[in-house]
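Asks: Top to bottom, those sequences are chains A and B.
Counting in the numbering used here, the first sequence runs from 1 upward without gaps.
Counting in the numbering used here, the second sequence runs from 1 upward without gaps.
By construction, these hints were calculated from the structure, which means they are not laboratory data.
Fair warning: this is a prediction, and the values are worked out from it, not measured in the lab.
C-beta: ideal position from N, C-alpha, C; glycine also.
Keep in mind that a hint or two might mislead.
[As the list claims (entries may be wrong)] Beta-carbon label-pair distances, calculated as ranges:
#1 B/ALA243 <-> A/PRO5: 55 to 61 Å
#2 B/PRO95 <-> A/GLN211: 46 to 52 Å
#3 A/ASP266 <-> B/GLY346: 35 to 41 Å
#4 B/PRO223 <-> A/PRO59: 40 to 46 Å
#5 B/GLU92 <-> A/GLY257: 27 to 33 Å
#6 A/PRO59 <-> B/LYS138: 27 to 33 Å
#7 B/ALA275 <-> A/ARG4: 42 to 48 Å
[Claimed, not checked] Stretch by stretch, here's where chain A covers chain B in the computed footprint (C-beta under 8 Å, at least three residues):
#8 250 to 258
#9 327 to 336
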Amino acid sequence: MTDRPPYLSIVVTSRNDDHGGGLLRRMQIFVNGVIEQCRRHGLDAELIIVEWNPPPERPRLVEALRWPAEFGSCRVRIIEVPPERHRWFQYSEVLPLFQMIAKNVGIRRARGRFVLATNVDIVFSDELMAFLAARRLEKDRLYRIDRHDVMAEVPAEGTLDEQLAYCRTHLLRIHTWEGSFSLEPDGRRALERVDVADPDSGVRFGRGWFQVCTTREPSGVVYWRGAAPKAELVVTMTDMVPPALALELEPGPSCKGGFAELEIRDTSERLVAKGTIRGKQWISVGLPLESHRTHVLTLCSAGEGRPIPGDPRVVTLRLFWCGRSKAEYQRILALRDAKHLHDTEAEAVVESLERAGPARAFTPVGDGVVSPALLHTNGCGDFTLLSREKWFDIRGYPQFRIFSFHLDSVLCYAAHHAGAAEAVLAEPMRIYHIEHGVGSGWTPEGQAALFDRLAAKGIPCLDNRLVMEWATRMRQYGAPMIFNRSDWGLADAELQEAIPG
Amino acid sequence: MEPPTYLSIVVTSRNDDHGGRLLRRMQIFVNGVIEQCRRQGLDAELIIVEWNPPPERPRLVEALRWPAEFGPCRVRIIEVPPERHRRFRHSETLPLFQMIAKNVGIRRARGRFVLATNVDLILSDELMAFLAARRLEKDRLYRIDRHDVMAEVPAEGTLDEQLAYCRTHLLRIHTRKGSFSLEPDGRRPRPAGDAPPRWHLAWPVAQAGLRRIKDLVVAGGGPVTPAPLHTNGCGDFTLLSRARWSALRGYAELEMFSFHLDSLFCYAAQAAGAAEIVLREPMRIYHIEHATGSGWTPEGQGALFGRLAAQGIPCLDPALLAEWAVRMRRARAPMIFNGEDWGIGGEQLRETGLGDSVSEDEAASGAGPRNRAETRATGETRRPGAVPGVRP
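This is chain B alone, in the form it adopts within the complex:
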């Protein structure tokens, strides 16, 4: 029997050098998680959803280096093959549907709690110690500020050296109130001259919500702005109980660029009753900077949207997100866009297990941890819930 896992950490990636030197950043992330689980005694599984792997390049299980000992952290690599990817709209221009990919991992997670995050992060020791303390509550939505750090994190250094680098090579911070530049040591610089502060999207989103609120149709009173959630950079850290993820059917699987879909999920989670908690300093996540235009940064926003528009890739309109967020807040009801087959449920996907999920047979046969691939029925069959108890 599999030991009960406390935390599942779900990320997605493909070996396509997204954002430049992807493997380098990912190696830092993977090493960090495995080392910190050992250090803090965190019983976790790291689920990497390898979406649409490029056929001409090695799979992640081969492209990354793995430790001889995994400690209490098991690693599962679940592959969504190119044939499956091609069944989605816009698959020819979007090589990875981040949110659907994460749902694949979340749906198959075994932990009591599931953290959806990304492969270019380093978690602070204090954060990992908190997670290992098993004090997470099941009806909460856990969020955290994101610290961006310079790209030259020493890949060959120890975890402590990497963390020390992160603490002293800061670029900016993404908080509930907005995204702000930082001095390398963490101080916020004074805005030069009359340069306006750089507001996080939440503000224009809220404004757009206010403009459209007149058209909101459910009469009667109620809030006219979205719930004041910390959705800034939430794709990098969203932690809920597995039961909550499952009840909400994960992220909205809209076949579009992933922008804002993570926020949409946070609003839905909150509306469904998972109150938000923002984890505080010294708990941190450090995000390793990558090339402009490959993910959202304040500076790269123009380049990113230019690229999307040129390729005809749709994106969720922030005004619409705001309107939906207000509606969810008013109705105290989530908005869910997925059916019961969310996360490619009911389909078998190839899974490679690393770490102590080695079965005794395979261990006895001498198969190394790197070369084992097992296929499981990872998606549940589509079955309506049981008839709840009715007392005659």
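Next comes chain A alone, as it looks inside the complex:
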């Protein structure tokens, strides 16, 4: 083994407790994948597995996992935080693993020039690993990426290529900066159960669209989707007659002056439609597009977009309906009303939002900053890459003795405001996350189960509103917020390290 520091340290944490069901199986796929891809791309890396509070009655990970005969350019280090040390922490009896403190243990001991904090149920795309191996990372950057969730049955005994092929074709959902969306088998973002597009129109919402919202308006509960200054409509052309789309739109809350200048362009940047949206109105867009093919229409509603107080997003359009015609919309609306189906559900959502109260208003100090920087924090615990120097600068993740939810986001904001500007790696670079048991980690569907379990055990958790407030402060002050002492990552602890193979 050489003492030369590797280019990249990959830090994960785990314990052999079958967390989420089939943990060892998923972890074996992860470990094999990393070692094989390092070899394939010549990536000089070390994989640091922090084994936190190992259950005494089960074998250690070094024994429970299978290891290759040859590790190639990847070194593996397993650092153990023993149960005695775990018991020092408050809530240690109900939380068996403090994910963020555990990752800090690994980050603090990492030797790579760059350090990627990720999780043990991830498969990296070859394109991503090739990019990392190309040594083009910059030290003052925060690297992030979308997360693709895939079905659980990734063939554990298959080759890496078979596993990657399975991932590409068994997608469940995607976690992007705009939100989390279910995916159709072909990878397009699926419509939500109640959405603002006619399911038969061939229209799907692409990048730049936020999730469906419900608000109470004089006419009743209204569904809408917000759009960023650039938002893509993915249209599969059917035999529509006439080939046109009807959209009900209004300027979003970020539009100065209450109007939005809208341009719609096709895949080849050709202008399809142009106009000014004032108030809520219907527009009709002719689609001189080739039939039976999928086209991407980009709605550009840029201008002087203001962020929404307390919210990092810039929403320049609100879309209430998108379909073949206004008449079709009214027919679907009548169907909905007849079934009394969705509005009662939506009423409940709106009421619970109103009970929770509005987000706290910020008092701008001097410079008028009222909202956080717009960062891609969705699923950031699964991929946060910074130079080692920057990790040390901001002292890793906040080491609160609470459930790890949102602590990864706080870290991203701190890194960003400590001078590491965010870069989101684009397709075909991907991370695939292998689905596991409901309630063991965050999924949109499992959120309620997870929070019930936490509440029942009295485990505290960080509230998103507070994270947004801190992020706003960091932006206001142009400074990170760091919550750790200089001994972060259990720096003073002498920990056992095992090297497999």
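With chain A held as given, fit chain B onto it using these hints.
Replies: Okay, now just chain B, sitting in the frame of chain A:
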């Protein structure tokens, strides 16, 4: 090799007549420190961070008078030039960022302990004797009450005459419980009629904390008020080990008026494990009164905030300070706003040394102590900490 210094005393100033007759007050402070170090045998260095010196006026090294003999006290004047100052937001309206300036000195201090204080203070002999006794503990946050005294401290008098003046010309005292007027001899006057006692900011801060605590998000029990620290006037006396200052990365370097940033630091220090000790009588610091509106006094608060608001200079909201203090107390974790480059680390600043830090070469060449200026690599390069020991 430099002799190990026990205490670094860090202040900041610029020759701009801040608060009126600044040089007079500062001369009293400098003379006092040097004389008392000699008197008590305190091995100290006095670091004066000269921030953004006005180009049309002499530098402090020339504007102040220096003794022929410095005794065990070395003086270092570190200059942050106007070009560097202009890189901060609000630099056009705030001529001196007090907390960043102090961080410049703290970062470059060589003492085992570092006292951050101000240039309009006189320390009582008993306090200096305590410091010289080397009984400071490394995991403590040392604080003290501040006594305000009338402005006419005899600048040309001896230290003993000045101390005698201070003891008999008192105006008010700033304690943990609040700020109170004093009779010149130190008795507290009875409040006239139904005049309310003048509470220190800690109280409204605590109230604001209580109001917002409902929104505090980390569930579970825990304190709902800030730790009961003595933050009243803490910018005038905050003493910790150098290691602690360094681990906490000094004061929060927020580009705003310095108000409350000193308190924020005290809460962070306590949350990080430095338990507070308030030094008791007869240990004292005397603060020489200056013009209304140039620093915080109960009477001048209105004028000060009026001036700041008119210039659009931001300030830390006391309610926010309270909320953060509660959070730090609950989480037993500090809140740090600085990166590893705190205190303008990694940058070279011009330093002038006075006293026995004279190098032999310079002494042999006959250069007087006043005219030597040496440039050092005073800021460390930004380097992550070493990999802690891992046992294979």
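Asks: For each hint, tell me whether it holds in the structure or not.
Replies: Checked hints:
At about 27 Å, the beta-carbon gap between B/ALA243 and A/PRO5 misses the expected band of 55 to 61 Å. The hint said 46 to 52 Å for the Cβ distance between B/PRO95 and A/GLN211, and at roughly 49 Å that hint holds. For A/ASP266 and B/GLY346, the Cβ-Cβ distance of about 51 Å falls outside the hinted range of 35 to 41 Å, so the restraint is violated. Look at B/PRO223 against A/PRO59: about 43 Å separates their beta carbons, and that is inside 40 to 46 Å.
Distance hint check for B/GLU92 and A/GLY257: the Cβ-Cβ separation is about 32 Å, which falls inside the suggested range of 27 to 33 Å. Distance hint for A/PRO59 and B/LYS138: a CB-CB separation of about 43 Å, inconsistent with the stated range 27 to 33 Å. Judged by the Cβ atoms, the range 42 to 48 Å given for B/ALA275 and A/ARG4 holds: they are separated by roughly 44 Å. With 5 residues having a Cβ less than 8 Å from any Cβ of chain A, the segment 250 to 258 of chain B passes the three-residue criterion, so the hint holds.
Under a criterion of three residues with beta carbons nearer than 8 Å to beta carbons of chain A, the stated coverage of the segment 327 to 336 of chain B is upheld, 5 such residues being counted.
In summary, the structure is inconsistent with hints 1, 3, 6 from the numbered list given earlier, while agreeing with the others.
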